[in-house]
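Engineer: The primary structure of each chain is shown beneath.
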Amino acid sequence: MKTQSSDVIVIGGGIMGACTTLFLRQRGISVTLLERDRIGQKASGSSFGNLRRQGRPISQLPLANRSSALWAQLSESLGAEIEVELSGHVRVGYSDRPELVEDFTHYASQAAETGLNLEVFTGKELHERFPFFGPEVLVGSYSPNDGHSNPRVVASACARAASANGAHVHENMAVTSANKVGEDFVVVTDAGLGFTAPSLVIAAGAWSNSLAEAFGEKIGIVSRGPTMLVTEPAPYFIHPCLGVVTPVEEESIYLRQIARGNVIVGGSTRSPASTSTGRAIVDPKNTLSQLRQLRRLVPALAQLNVIRVWSGVEGYTPDGMPVIGRSEREAGLYYACGFSGGGHQLGPGVGEVIAELIDTGETDTPIEDFGIRRFNASTG
Amino acid sequence: MNGARFTRLAEQDRQTVTFFVNGQAIEALEGDTLLVAILAAKDHVRQSEFGDGNRAGFCLMGSCQDCWVTSESGERIKACSTRIVAEMRIVTETVNLK
Amino acid sequence: MNAPKVVVVGSGPAGTRCAETLALAGLRPIVIDENSNNGGQIYRRQPENFVRTYSQLYGSESDKAAAVHSDFDSIRDKIDYRSDTLAWAVSENTLFAAERGRSVEIPFDALVLCTGASERVMPTLGWNYAGNYSLGGAQIALKSQGCAIGSNIVFMGTGPLLYLVASQYIKAGANVAAVLDTSTVWDSLAALPKLLAMPSMLWTGLGLIKTIRAARVPIVHGVQPLEITGSGDAGVNAVTYRDKRGHAHTLECDAVALGYHLRSETQLADLAGCAFSFDRRSRQWIADIDDKSRGAANVYMAGDGARIRGADAAEVSGRLTALTLLLDLGYAVDEKEIKRLRSLHARYERFANGVTRAFPWPIEHVRNLPNDAIVCRCEAVSVGELRDASRGKQADEINRAKAFSRVGMGRCQGRFCGIAAAEIIADATQTPLAEVGRIRSQAPVRPLPIAVEQ
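Which chain is which? The protein sequence lines are A, B and C, in order.
Under the numbering used here, residues 1 to 380 are what the first sequence spells out, in order.
Under the numbering used here, residues 1 to 98 are what the second sequence spells out, in order.
Under the numbering used here, residues 1 to 454 are what the third sequence spells out, in order.
Keep in mind the hints are simulated off the structure, nothing from the lab.
Do not take every clue at face value.
[Unchecked claim] No more than 27 Å apart at the CA atoms, straight line, and that leaves these computed lysine-lysine pairs for BS3-like: (1) 194(C) to 244(C); (2) 285(A) to 5(C); (3) 339(C) to 292(C); (4) 285(A) to 78(B); (5) 292(C) to 336(C); (6) 285(A) to 2(A); (7) 64(C) to 244(C); (8) 339(C) to 194(C); (9) 124(A) to 98(B).
Kindly produce the complete structure, drawing on both the sequences and the hints.
Structural biologist: Structural data, given as structure tokens:
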């Protein structure tokens with residue numbers, strides 16, 4: 001079997017793998033990216049495109065802030081239009097959960113310590129500031145420098161830039177085995193090609209379980225599909241991204257309007273998804289319940305039509321937190337997976353942190369909370 | 001030009017129905033679709049959202065989605081598949097959501 | 001045992017004959033119709049207060065139209081007919097519909113899709129201007145509304161509808177500037193042996209040409225459409241084409257009727273889990289249908305929505321599909337009748353293959369479209385943008401090109417641009433057309449109001 005060697009092999013061409021490859025090349029490290037389908041075609045290409053920091057656990061904010069700084073100049077550094085719109089983000093709570101006013105205020109003070117500044121608005125002030133909200137909206141936390149981008153183009157733009165800078169990017173190539181032989185990882189693909197490298201990054205989203213298991217680590221990622229829709233275009237009137245904070249899954253919608261006019265809506269009840277077919281089907285019932293929630297959040301949208309729905313295969317970890325960083329069991333092995341539907345904003349930050357870890361052996365960005373250790377401990 | 005786009009060739013002996021386009025009263029004939037009612041007096045029904053000009057429908061059978069118009073109250077109406085009703089109030093310009 | 005619940009979508013010639021056959025066997029099918037009354041597109045009824053006769057409306061096809069209408073009327077109390085109802089999704093043996101603005105869920109044991117066809121259109125520079133209509137649209141304006149799409153009309157494209165609609169316009173007194181056909185006389189001759197499978201239909205076709213010629217309207221074969229000129233404000237004002245000797249000509253007009261034969265409406269079939277294969281003859285993706293007319297376990301397909309065979313074949317196909325469905329459901333069925341219908345359908349199929357041969361999709365013209373032509377009218381995506389997205393960003397598959405360029409992402413979901421877009425991608429990336437694939441259907445089949453009552 002022919003083998004090709006490089007310094008690093010990255011498995012998975014979603015936004016995590018593509019960004020990791022991009023930043024490894026910026027450090028002059030040779031890298032091979034293996035994608036079973038096309039770059040950015042699965043969860044990364046079907047996601048919402050949120051560049052939301054607020055609402056993440058405080059422990060994620062240093063990483064999210066680092067990512068935010070990268071997003072601000074990513075389009076320019078890639079030389080590609082990825083439609084980054086830093087037009088703000090509003091998290092809202094409905095009036096049946098008045099405790100959210102205090103929660104949002106408390107969160108804002110903690111977030112400020114990490115460098116993320118938020119403003120909390122309630123009642124009349126909120127509705128004057130954001131007149132499109134429905135009457136049930138009680139409180140809003142505004143993050144002026146968050147926003148959104150076009151998820152259909154980001155990962156492929158990163159991979160193209162990496163490729164132009166010397167990365168070996170292989171699409172339509174599924175990994176059939178990954179082992180460590182001596183000092184090197186040996187990765188074999190369905191096309192019969194072998195790749196070797198002293199470092200390996202598993203960034204395969206919902207497909208990461210079996211790769212981790214090959215190295216004696218168990219994450220327990222479950223596949224689910226987000227319920228997404230897009231409306232016909234309407235004059236641009238909702239500038240920030242919006243998201244509802246609630247423990248009720250059906251209520252948990254988020255939306256953004258793009259300058260072209262379409263409104264993209266996600267969240268609410270998710271559907272099952274399959275890694276074997278690579279598809280997630282939207283249950284029409286979930287679309288209908290999403291529409292009810294949409295009318296509640298922004299009543300004016302009831303004038304529009306839905307023109308398309310879609311979903312994709314996302315990987316959710318048992319605790320909803322991602323797996324980022326070194327393997328506990330195998331030297332040279334790294335993880336960037338299990339983002340549980342919240343990875344888009346973190347992509348560039350994760351890519352840079354993994355590249356930094358591989359290059360220098362350390363990073364200033366705290367990522368201890370996302371170690372695979374927490375799952376290894378529970379499975380023994 | 002803002003004259004009629006469609007030419008009536010038959011079935012002209014019908015009751016008239018008055019409706020409004022951009023505030024202007026227009027006479028249509030009973031049994032007209034909204035698309036025909038507008039285009040028998042005007043040369044377009046809406047504007048492309050993406051800057052390539054006016055649109056006047058395309059397939060007339062509910063498939064191409066080119067003839068969605070807006071009522072003064074903000075309702076979206078597929079003009080080719082909707083029968084004209086007296087006092088309908090339609091706008092052909094792009095308007096903000098209400 | 002409860003009677004099986006059968007849902008028929010569509011009530012054109014196929015849906016009508018299917019529902020009739022099921023109803024006569026004692027089933028009470030639910031018939032979903034997007035229109036207000038049966039007939040489909042081909043036999044679309046005019047409003048109740050219109051007075052033209054069947055022969056004025058449907059010409060040589062008037063007896064068939066009258067039968068499709070009256071036979072449907074006679075079974076109205078034996079079926080559950082839901083007019084003005086949009087079937088927008090299928091999931092887990094349930095059809096999701098919007099019935100006059102209200103959402104309904106209709107569980108089924110068997111689903112019969114008689115969803116018909118829409119126009120296959122080749123984009124032309126300027127086809128986005130107001131005043132361009134599909135040939136079918138031009139026909140609906142006349143038949144169901146008594147209107148012409150303009151006062152001076154160019155008919156351009158290819159296929160039987162080009163001649164049918166032009167002749168109907170002439171008979172109705174419209175001013176037709178010309179009939180411009182991209183296919184050649186040689187194409188017609190090459191198709192002749194197959195067309196002879198249905199001599200009467202061939203004869204009808206020749207009659208249309210005679211009508212057009214008698215009105216001294218020029219018919220030009222082998223044209224290459226160059227541009228539909230006009231402006232975003234005022235719409236169409238002329239058509240420029242190149243004749244087969246390479247000379248450019250300009251015809252003034254205020255409307256253009258465009259169409260290049262038909263394509264099946266298959267979105268519901270796709271959502272219901274039917275598989276599709278690339279058909280090299282028509283260069284389209286068609287549903288895989290077994291010998292029982294099934295596209296998936298309990299999903300049956302009939303008429304032009306399954307295969308483009310025309311209205312007469314659709315009636316046969318609707319009956320045949322109902323009979324095979326009844327057989328599957330354990331009903332006693334006259335197997336001789338099934339055999340008879342199958343052999344009749346085979347003749348229509350041979351004729352339809354002749355039509356496909358006589359009016360070929362003008363591949364070279366599609367592939368040579370100028371960069372500034374709009375390919376996707378909904379999203380105003382140009383041919384050049386699509387070429388850049390597919391070539392520069394290596395999108396040799398249409399769903400990927402859609403993700404990058406927004407082609408086919410608009411309100412119509414690629415119905416009117418998908419076929420041309422695939423050719424452009426195939427050409428730009430030097431990929432076989434079959435490998436470019438087809439746009440995956442997504443609900444809703446048509447735009448669904450957010451305000452839909454639940």
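Engineer: Now look at each hint and say whether the structure bears it out.
Structural biologist: Cross-check of the supplied hints:
no.: 1; hint: 194(C) to 244(C); verdict: holds (26 Å)
no.: 2; hint: 285(A) to 5(C); verdict: holds (21 Å)
no.: 3; hint: 339(C) to 292(C); verdict: holds (12 Å)
no.: 4; hint: 285(A) to 78(B); verdict: holds (24 Å)
no.: 5; hint: 292(C) to 336(C); verdict: holds (15 Å)
no.: 6; hint: 285(A) to 2(A); verdict: violated (50 Å)
no.: 7; hint: 64(C) to 244(C); verdict: violated (38 Å)
no.: 8; hint: 339(C) to 194(C); verdict: holds (22 Å)
no.: 9; hint: 124(A) to 98(B); verdict: holds (19 Å)
Hints 6, 7 from the earlier list are contradicted by this structure; the remaining hints agree with it.
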